[in-house]
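Asks: Here is what each chain is made of, one letter per residue.
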Amino acid sequence: MYENSIIIEGKDICKSYGQTKALDNVSFYVKYGEIVGFLGPNGAGKTTLIKLITCTSYKTSGNLTVFGLDTEKTPKLIKSKIGLVPQDNNFDPDFTVYENLLVFSRYFGISRKEAEQKIEKLLDFVELKNKRNEKVTDLSGGMKRKLIIARSLLNEPQLIILDEPTTGLDPQARRKIWEMVEDLKKRGKTIILTTHYMDEAEKLCDRVYIMDAGKIITEGKPEVLIKEYIGTETVEIYNCNNIDISLIKGKKVFFKERIYIHTDDKKNALEKLVNICADIKFSVRPSNLEDLFIYLTGKELKE
Amino acid sequence: MIITKDWIPVWKRNRDVFKKLFWVNFFLPLLEPIFYLITFGFGLGSYIKEIDGMPYKKFIIPAIVAMATLSSSFFYTTYSSFVKMIFQKTFDAIIATPVSIEEVVVGEIMWGATRGIISGFMVLLLLKMLNLITFLGFFLYLPIIASLAFTFSSLGMFFTATVSTIESFNYPIFLYYTPMIFFSGTFFPLSNFPEAIVTISKIIFPLTYSMISLRTLDISFNIKTLLEGMFPLIHGVIFFILSIKLMKRKLIK
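Same order as they appear, the protein sequences are chains A and B. One rule links them: number in our numbering = place in the first sequence (from 1) + 59. One rule links them: number in our numbering = place in the second sequence (from 1) + 1254.
Keep in mind the hints are simulated off the structure, nothing from the lab. Possibly wrong hints are sitting among the right ones.
[Unchecked claim] Calculated pairs, DSS-like style, for lysine-lysine (alpha carbon to alpha carbon, straight line, at most 30 Å):
hint : chain 1 : residue 1 : chain 2 : residue 2
1    : A       : K340      : A       : K308
2    : A       : K140      : B       : K1502
3    : A       : K135      : B       : K1478
4    : A       : K80       : B       : K1499
5    : B       : K1504     : A       : K70
6    : B       : K1343     : A       : K180
7    : A       : K203      : B       : K1504
8    : B       : K1382     : A       : K203
9    : B       : K1499     : A       : K177
10   : A       : K188      : B       : K1507
11   : B       : K1273     : A       : K80
12   : B       : K1507     : A       : K90
[Claimed, not checked] Among chain A residues calculated to face chain B with C-beta under 10 Å, some are:
hint : residue
13   : K110
14   : T113
15   : Y117
16   : P134
17   : I137
18   : I141
19   : G142
20   : D147
21   : F150
22   : L161
23   : R210
[Said to hold, decoys possible] What the simulated footprint calls covered on chain B by chain A, stretch by stretch (three residues with Cβ under 8 Å from a Cβ of chain A suffice, anywhere in the stretch; the number is not a length):
hint : stretch
24   : 1259-1271
25   : 1287-1300
Treat the numbers as computed from the prediction; the structure is a model and nothing was measured. Backbone N, C-alpha and C define an ideal beta-carbon position, used for all residues, glycine too.
Could you put together the complete structure from these sequences and hints?
Replies: Here it is in structure tokens:
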């Protein structure tokens, strides 16, 4: 694999479940060594897209290649090179940590001897060496996620897909997962990530696709997208009754009884704001992907 | 439908769980045939002298072997597979690897069949120790046990592919499985019933053929009788193919 070569390419993908369109004319690509994020609220179509990439669902129309191979013609070969971290921790509850990994390695045709060596390294990588003989059901949420990351690496995949890897985890555990993802990127893995945490996407992703209702709304580097669409600074006003903000320059978004003013000119906004009213409650902060998403869709990400 | 040897790791997974849960999931249910033997064989059997020229406790031997085999296979590919599919998401985890959904289903059915064969074999051993079957019968029972195990494993998977909730298994269990256990010439002969009923019973309950054959095979070998006893295999193959197709349609949308 060369730098800049295309790992995944999707063109005009549609996917319907009966009357509902889960994906509506979606086109995207993922290059070698990138971390690409697919962001959007529940129901945006992220998981459907992942199912298509992992060859576990059929598209209604369009083209999709992974490693240059058609997902519906060569699923076995494609799946052998992908590591999936699914949303659910779908372990075998009857097995221990070690047994889970050993049993899973057989699905890839890995010999027992080879698997044993790999499992040692992976347990080391995810810091679960001392938990090897515990039942998976006894692990904490963070440990379960780490184990499922270890499981996704058994086949030394070129492409790793993380479907909401940190949902429901405490801040410390999330940071640990982020470190691992960054580490994997350094090892030359190509990574796809879906999330509805915008801080996660901003921290990890080289490029993001923002999705809503089965469509890709926009695509690009997080900081570039923010600058292009809404500006680098955001003033968030909490008590916004009878405030005249017409004098403040910037893009104004009214959302859930708050006003967001997105601007590149923080100084101007602050001066104007102070003149309007003395007891106004507000904060000024750098704009983030969440602001961008609300600006683009009028919706919040966490539902 | 392409099926490679990738179903084997699925079979091995199930075998490994079986080893872990051997006592609770396997050994305890094996007590059931003993209860049947005591109740019908030694209890009721002491009041009934002969049926079709055979002591009653010998008459019900095929039923006791078949029940152990059937329940071991059928309840595996129904409840156990359903729990793995819906609640544990084990199938989802496996199909993200090179193993296909068809191969997952084959691995499940093959394990269900293996399980049934093991159960049947254990009961057979017990019956041999009690001297309730002949040496010849012991060996001739095996192919029929295997065909019953495969058939009811496939049939169970067919129902798993068609029910929507775990409670709905009550339909096939109480409308099909349980009546079959009682009305296939298991505990009483069908010979007193009108010919039409016997014919219907033979068609919808393939177990009927096996019951008749097994009683004969215990006494004398005849290739035709053996093949008749394996008649359920026809049902087995049909439901094997159907269950793979239906399961694919259910899980790969």
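Asks: Taking each numbered hint in turn, which are not upheld by the structure, reported in ascending numerical order?
Replies: Numbers 3, 8, 9, 10, 11, 25 - these are the hints that the structure violates, sorted from lowest upward.
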